[in-house]
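Chains as they are written, first to last, in UniProt numbering: chain A, 1 to 110; chain B, 1 to 250; chain C, 1 to 89; chain D, 1 to 467; chain E, 1 to 174.
In case anyone wonders, no lab produced these hints; they're calculated from the structure. Please note: incorrect hints may appear among the correct ones.
Said to hold, decoys possible - Straight line, CA to CA, 30 angstroms or less: simulated DSBU-like cross-link-like pairs of lysine-lysine:
1) 35/E with 154/E
2) 41/A with 413/D
3) 10/B with 56/B
4) 38/E with 148/E
5) 234/B with 220/B
6) 38/E with 152/E
7) 413/D with 10/B
8) 234/B with 448/D
9) 30/E with 139/E
10) 30/C with 176/D
11) 448/D with 24/C
12) 304/D with 41/A
13) 219/B with 154/E
14) 176/D with 53/A
15) 38/E with 145/E
16) 38/E with 111/E
As the list claims (entries may be wrong) - Residues from chain E that keep clear of chain B, each with C-beta distances beyond 10 angstroms, as calculated:
17) 2
18) 67
19) 71
20) 74
21) 88
22) 92
23) 105
24) 117
25) 125
Since we're looking at a predicted model, the values are computed, not measured. Think of the CB as a built atom: it goes at the ideal place given N, C-alpha and C, for glycine as much as any other residue.
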Amino acid sequence: MPPSAVYKTNGLQHEFTTDVPRDELTTEGKTTGPSEFVMSKGATDRDKPSEAKDSAMGLLRCQVTRLQDDINEFLTRRMQQEASNKGDGSSKEQEAEELEKQLLDGADED
Amino acid sequence: MSDHLVELAKSHLTNIPVSLISQGAESLIFTTTTHPYMETSDEGQQYIVKFRPPKKYRHPQLDAQLTKRRTLAEARLLQRLYGADGISVPSIIAVDARNGILWLEYIGQQIENGVSSLKNYLWLEDSKADYESLLRAVGDMIARLHQMGIVHGDLTTSNVMLQKHGSQWAPCLIDFGLGFTSDLVEDKAVDLYVLERAILSTHPVHSDNYNSWLMEGYKKGYGKDQGKFKQVMKRYEDVRMRGRKRSMLG
Amino acid sequence: MTAKRQKMSFSCILDIGVPFETEKQATIAKRTLEQDPILKPDDLVVRYEVNTSSLDMHFEAISDRVLRVAVSSVLESLKTVIEVIDEFE
Amino acid sequence: MSSTRHQDTKELPSYEEALQEHERPPPYTPPLTGSIMASITRLSRDDPDPIYEDLNNVVDSTDFADVDHYNYDVLSNAVRDVSLDTDGSSKGIVTMVNLDQYAKPGKHTYTAIGLEGSANKLGVGIIRHNLGPLSQENRAQVLSNVRDTYITPPGEGFLPRDTARHHRNWVVRLIKRSMEEAGVSREELDCICFTKGPGMGAPLQSVVIAARALSQLWDLPLIGVNHCIGHIEMGREITGADNPVVLYVSGGNTQVIAYSNQRYRIFGETLDIAIGNCLDRFARTLKIPNYPSPGYNIEQLAKKGSNYIELPYTVKGMDLSMSGILAYIDQLANDLFKGNTSNKVIFNQETKEAQITVEDLCFSLQETLFAMLVEITERAMAHVNTNQVLIVGGVGCNERLQKMMEDMVLDRKGSIYATDERFCIDNGIMIAHAGLLEFRMGKRFELKDTVCTQKFRTDEVLVSWRD
Amino acid sequence: MSIKTVLPQFPQFTVHLFKFKNVTNSKEIKQNLIKGDKRYDFSFINAQTVLSEEQLLSAVYRALLDHTQDKIRTKTIHSEVIFSLSPTQNIMDALRRFGIQDDSTDLIVIKIVDSNSQEEFDLSVVEGEEVDITDEDLKSSAILKTIKKNYKLKSEDLTVLSHQIVAAIQLRGL
Numbered sequence: 001m002p003p004s005a006v007y008k009t010n011g012l013q014h015e016f017t018t019d020v021p022r023d024e025l026t027t028e029g030k031t032t033g034p035s036e037f038v039m040s041k042g043a044t045d046r047d048k049p050s051e052a053k054d055s056a057m058g059l060l061r062c063q064v065t066r067l068q069d070d071i072n073e074f075l076t077r078r079m080q081q082e083a084s085n086k087g088d089g090s091s092k093e094q095e096a097e098e099l100e101k102q103l104l105d106g107a108d109e110d
Numbered sequence: 001m002s003d004h005l006v007e008l009a010k011s012h013l014t015n016i017p018v019s020l021i022s023q024g025a026e027s028l029i030f031t032t033t034t035h036p037y038m039e040t041s042d043e044g045q046q047y048i049v050k051f052r053p054p055k056k057y058r059h060p061q062l063d064a065q066l067t068k069r070r071t072l073a074e075a076r077l078l079q080r081l082y083g084a085d086g087i088s089v090p091s092i093i094a095v096d097a098r099n100g101i102l103w104l105e106y107i108g109q110q111i112e113n114g115v116s117s118l119k120n121y122l123w124l125e126d127s128k129a130d131y132e133s134l135l136r137a138v139g140d141m142i143a144r145l146h147q148m149g150i151v152h153g154d155l156t157t158s159n160v161m162l163q164k165h166g167s168q169w170a171p172c173l174i175d176f177g178l179g180f181t182s183d184l185v186e187d188k189a190v191d192l193y194v195l196e197r198a199i200l201s202t203h204p205v206h207s208d209n210y211n212s213w214l215m216e217g218y219k220k221g222y223g224k225d226q227g228k229f230k231q232v233m234k235r236y237e238d239v240r241m242r243g244r245k246r247s248m249l250g
Numbered sequence: 001m002t003a004k005r006q007k008m009s010f011s012c013i014l015d016i017g018v019p020f021e022t023e024k025q026a027t028i029a030k031r032t033l034e035q036d037p038i039l040k041p042d043d044l045v046v047r048y049e050v051n052t053s054s055l056d057m058h059f060e061a062i063s064d065r066v067l068r069v070a071v072s073s074v075l076e077s078l079k080t081v082i083e084v085i086d087e088f089e
Numbered sequence: 001m002s003s004t005r006h007q008d009t010k011e012l013p014s015y016e017e018a019l020q021e022h023e024r025p026p027p028y029t030p031p032l033t034g035s036i037m038a039s040i041t042r043l044s045r046d047d048p049d050p051i052y053e054d055l056n057n058v059v060d061s062t063d064f065a066d067v068d069h070y071n072y073d074v075l076s077n078a079v080r081d082v083s084l085d086t087d088g089s090s091k092g093i094v095t096m097v098n099l100d101q102y103a104k105p106g107k108h109t110y111t112a113i114g115l116e117g118s119a120n121k122l123g124v125g126i127i128r129h130n131l132g133p134l135s136q137e138n139r140a141q142v143l144s145n146v147r148d149t150y151i152t153p154p155g156e157g158f159l160p161r162d163t164a165r166h167h168r169n170w171v172v173r174l175i176k177r178s179m180e181e182a183g184v185s186r187e188e189l190d191c192i193c194f195t196k197g198p199g200m201g202a203p204l205q206s207v208v209i210a211a212r213a214l215s216q217l218w219d220l221p222l223i224g225v226n227h228c229i230g231h232i233e234m235g236r237e238i239t240g241a242d243n244p245v246v247l248y249v250s251g252g253n254t255q256v257i258a259y260s261n262q263r264y265r266i267f268g269e270t271l272d273i274a275i276g277n278c279l280d281r282f283a284r285t286l287k288i289p290n291y292p293s294p295g296y297n298i299e300q301l302a303k304k305g306s307n308y309i310e311l312p313y314t315v316k317g318m319d320l321s322m323s324g325i326l327a328y329i330d331q332l333a334n335d336l337f338k339g340n341t342s343n344k345v346i347f348n349q350e351t352k353e354a355q356i357t358v359e360d361l362c363f364s365l366q367e368t369l370f371a372m373l374v375e376i377t378e379r380a381m382a383h384v385n386t387n388q389v390l391i392v393g394g395v396g397c398n399e400r401l402q403k404m405m406e407d408m409v410l411d412r413k414g415s416i417y418a419t420d421e422r423f424c425i426d427n428g429i430m431i432a433h434a435g436l437l438e439f440r441m442g443k444r445f446e447l448k449d450t451v452c453t454q455k456f457r458t459d460e461v462l463v464s465w466r467d
Numbered sequence: 001m002s003i004k005t006v007l008p009q010f011p012q013f014t015v016h017l018f019k020f021k022n023v024t025n026s027k028e029i030k031q032n033l034i035k036g037d038k039r040y041d042f043s044f045i046n047a048q049t050v051l052s053e054e055q056l057l058s059a060v061y062r063a064l065l066d067h068t069q070d071k072i073r074t075k076t077i078h079s080e081v082i083f084s085l086s087p088t089q090n091i092m093d094a095l096r097r098f099g100i101q102d103d104s105t106d107l108i109v110i111k112i113v114d115s116n117s118q119e120e121f122d123l124s125v126v127e128g129e130e131v132d133i134t135d136e137d138l139k140s141s142a143i144l145k146t147i148k149k150n151y152k153l154k155s156e157d158l159t160v161l162s163h164q165i166v167a168a169i170q171l172r173g174l
């Protein structure tokens with residue numbers, strides 16, 4: 001059984017599986033690269049993850065990477081949908097973005 | 001202590017027998033029993049000669065500027081403060097600004113662990129000493145300084161000397177080289193913050209008591225003008241907060 | 001229409017199961033991950049459990065965005081744990 | 001007077017080389033001229049690029065791997081001790097504290113691995129202590145010390161999220177490399193040390209994850225280390241400075257520290273931004289490369305400057321302030337770039353030609369900031385009556401700062417101690433060393449106590465291993 | 001009666017200080033001074049403006065320091081001593097305030113000579129009665145109101161006042 005996940009919200013349910021052939025898997029996630037910001041400033045990615053070993057844990061690492069990509073993309077689509085339904089960049093949305101920035105880049109602990 | 005700096009000082013002090021008592025960050029402090037122009041009647045009377053040598057590490061332009069600025073700032077502030085109500089500072093005897101030399105009244109005396117600076121006196125941990133009233137008096141004096149629109153710039157327990165008035169020790173503020181005139185609440189708040197930090201690092205065991213006595217004295221020193229005191233306090237809290245919040249990245 | 005901010009409910013839920021080879025590995029992962037607080041408890045709840053050799057993670061968040069940030073962050077750390085196990089066990 | 005620095009320093013890239021390096025498109029290839037710094041920052045690179053392979057060989061043969069037990073005899077060059085006739089101040093660390101009350105019976109050494117990632121450097125190092133107090137005769141041994149730096153494009157600082165990603169993606173490879181170089185097996189290790197703070201939250205957290213997993217896997221205790229204490233203890237160990245005033249200067253910190261009553265107490269510090277931050281931000285204004293480090297490139301430019309421009313000079317007792325200076329010099333630089341000829345400092349008012357160069361700005365900035373640092377250090381020395389100075393932290397590599405400090409200390413007949421890039425710049429070995437001292441005093445961290453903290457003041461740590 | 005002293009830092013100079021009361025020829029002295037008559041090469045100081053010996057010697061010290069550093073502002077060392085008594089940079093104002101006036105009856109006269117040559121000087125140009133020059137004597141002829149006005153000082157304590165005057169003298173123009 002490869003890693004899997006189930007998403008639930010208000011009656012909706014979505015399942016994620018990572019039952020994918022080994023050669024389609026990689027440790028390099030689509031959604032876990034350098035920030036768009038730094039790439040837009042001309043950075044090159046010198047810090048890709050190491051390649052997976054040919055081992056059970058190596059495979060698991062690839063599968064988790066895939067699962068992470070799938071979940072990220074799914075949730076991003078939902079967020080975009082919600083935003084377009086609302087039709088405005090409401091303050092709640094900004095607040096949420098701020099929250100995200102805080103988690104990724106840290107904030108004052110006080 | 002560096003000999004060549006002492007020699008340099010002596011070259012500006014012909015016929016003045018001096019002995020080095022300390023080397024601060026920017027000056028050599030000498031004592032002498034020879035007055036620059038008065039016949040000394042009292043045997044054992046001492047005078048302070050403060051010499052700011054050129055600093056080799058600084059760019060010559062910056063060095064000349066700082067040495068001159070600080071010698072003059074110190075002399076001017078002492079001039080303004082000497083004789084002011086409730087303030088004690090050494091009097092000026094002579095100024096040789098071109099050579100970075102200030103002649104000052106000698107303050108203090110020897111105690112068990114060195115000169116009678118507040119730092120040494122507190123370090124004695126003398127159970128009989130009345131540290132509380134002394135620190136209140138220091139706080140009071142700083143308040144008066146601030147009310148005159150003068151900021152010391154380097155408040156530490158080394159820069160408060162103690163003089164015996166009868167059986168009581170009384171504070172006297174020295175070393176105004178980093179001082180300046182300012183009526184900004186910010187400058188006064190930072191002055192207090194610098195002192196608080198100096199107490200914290202130099203007298204860590206009793207720093208809470210010492211700081212609170214200082215602040216009580218500081219409050220009292222504002223007399224009826226408690227509004228001004230509150231303004232400084234408010235900013236002081238801001239400055240402390242900034243200190244604590246300051247980014248502490250490695 | 002009230003000005004008072006409504007307490008949001010944890011409406012977005014995600015359960016993840018990650019199978020390790022041994023219970024020990026799963027336990028190492030759990031104990032490594034569960035130490036760090038993620039976001040404010042008002043915004044997110046995370047639970048980790050080990051069931052035989054599987055690490056089961058349960059997330060409840062007030063929004064998809066919070067959920068995404070939290071899950072991705074935990075999975076990033078999880079990948080490091082797996083790599084450590086792979087390399088040094 | 002012996003003031004020779006580690007020879008490799010001379011081979012650091014020039015500013016132009018650094019610039020070229022950065023303009024070169026991917027994949028990453030370090031400059032041929034680069035040696036010690038380039039090699040440290042890229043030691044972990046398993047890039048098959050032949051140039052890089054060469055570089056590794058160079059490093060291996062001269063610095064790291066061929067010396068199994070890399071001890072300080074090699075390093076004595078790195079120490080700057082300006083007055084050898086001093087009062088035996090370099091006797092080394094003599095301590096009355098018993099460091100062996102928790103020693104394992106039959107074991108003669110302690111070995112620790114240290115993981116550091118509080119800012120943009122990821123470092124892993126392995127250190128070994130023998131039984132007994134550390135001294136000149138019984139020195140710690142650096143078994144390995146590897147590092148990898150996250151570099152951003154010119155004009156940009158590093159975002160915590162990208163820095164954390166860098167650390168996450170390199171940490172396992174660096175640990176592996178460090179173990180291999182040290183030739184140490186996991187059974188020989190006594191503890192795993194990590195940086196608990198201060199630093200940037202996300203990068204710190206990305207590293208402690210590896211430390212926790214490793215600790216459980218190998219059944220070794222964890223020791224959380226204060227980053228600043230790591231710098232101080234490593235500096236003392238490397239240089240033999242016994243009880244110095246410590247100037248700690250880095251990207252996030254500017255402090256003047258002295259030891260008393262089992263704490264490293266902060267006598268002076270910045271009232272606003274850190275020195276390294278000030279230099280980095282000015283480097284960004286100038287849009288100069290961040291490789292090998294922005295401060296290093298400013299130093300190279302400053303060497304070519306000669307016109308001194310007056311900048312604000314703000315010392316408050318033993319504290320100092322730098323934000324005003326930065327704002328002022330940023331303005332000068334912007335006026336220079338924009339050709340704002342009404343600026344009288346920059347432009348000759350008759351010819352309308354610039355009379356000040358970027359190099360002059362770098363020169364003046366260094367002269368002013370470093371004069372302030374030296375001044376507050378000297379004030380602290382006078383205040384606590386000591387004549388030793390130890391400079392630690394990334395900015396401590398700056399040769400001009402070291403020279404100025406040396407000039408000051410000579411006038412006090414004292415001694416200055418500084419280390420080279422390997423130990424000045426954030427590294428894992430210092431975390432291993434300070435952590436091992438804590439370990440030897442019986443300190444252990446439960447997993448729940450290993451959460452990192454962005455703010456962690458130097459004086460919060462009880463220095464149990466000193467009298 | 002008079003004071004003869006050598007300041008330690010300036011051994012090449014010997015300083016003589018005299019005090020006279022009931023002087024009758026101040027107007028004549030002043031005229032000859034203005035003419036530049038060599039026989040009048042002294043500092044003639046209005047004693048009403050002097051509180052203490054400290055004040056006088058402090059000004060002498062200042063004048064000698066500036067002289068040896070090649071920074072004097074007036075023509076002779078004797079006029080420089082009078083200028084040195086002043087807290088301001090205005091030379092004419094200094095001479096008017098501190099120098100001899102037509103109606104001066106209490107005078108302080110200072111002569112600075114080369115210690116090696118020990119040149120002779122003739123005080124008979126002053127027609128008056130020489131008196132002691134202790135602080136007591138100085139105080140007796142001092143007009144406190146004028147002194148406080150000259151130095152813009154307020155202190156009632158004469159020791160403090162004297163120290164404040166010294167500071168003003170030492171800091172002039174700095």
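Quick rundown of the hints versus the structure:
| no. | hint | result |
| --- | --- | --- |
| 1 | 35/E with 154/E | violated, 38 angstroms |
| 2 | 41/A with 413/D | violated, 50 angstroms |
| 3 | 10/B with 56/B | holds, 18 angstroms |
| 4 | 38/E with 148/E | violated, 33 angstroms |
| 5 | 234/B with 220/B | holds, 16 angstroms |
| 6 | 38/E with 152/E | violated, 35 angstroms |
| 7 | 413/D with 10/B | holds, 19 angstroms |
| 8 | 234/B with 448/D | violated, 38 angstroms |
| 9 | 30/E with 139/E | holds, 24 angstroms |
| 10 | 30/C with 176/D | holds, 23 angstroms |
| 11 | 448/D with 24/C | holds, 19 angstroms |
| 12 | 304/D with 41/A | holds, 29 angstroms |
| 13 | 219/B with 154/E | holds, 27 angstroms |
| 14 | 176/D with 53/A | holds, 14 angstroms |
| 15 | 38/E with 145/E | violated, 34 angstroms |
| 16 | 38/E with 111/E | holds, 13 angstroms |
| 17 | 2 | holds, 14 angstroms |
| 18 | 67 | holds, 13 angstroms |
| 19 | 71 | violated, 8 angstroms |
| 20 | 74 | holds, 18 angstroms |
| 21 | 88 | holds, 14 angstroms |
| 22 | 92 | holds, 24 angstroms |
| 23 | 105 | holds, 27 angstroms |
| 24 | 117 | holds, 20 angstroms |
| 25 | 125 | holds, 26 angstroms |
Of the hints listed earlier, those the structure fails to meet are numbers 1, 2, 4, 6, 8, 15 and 19, in rising order.
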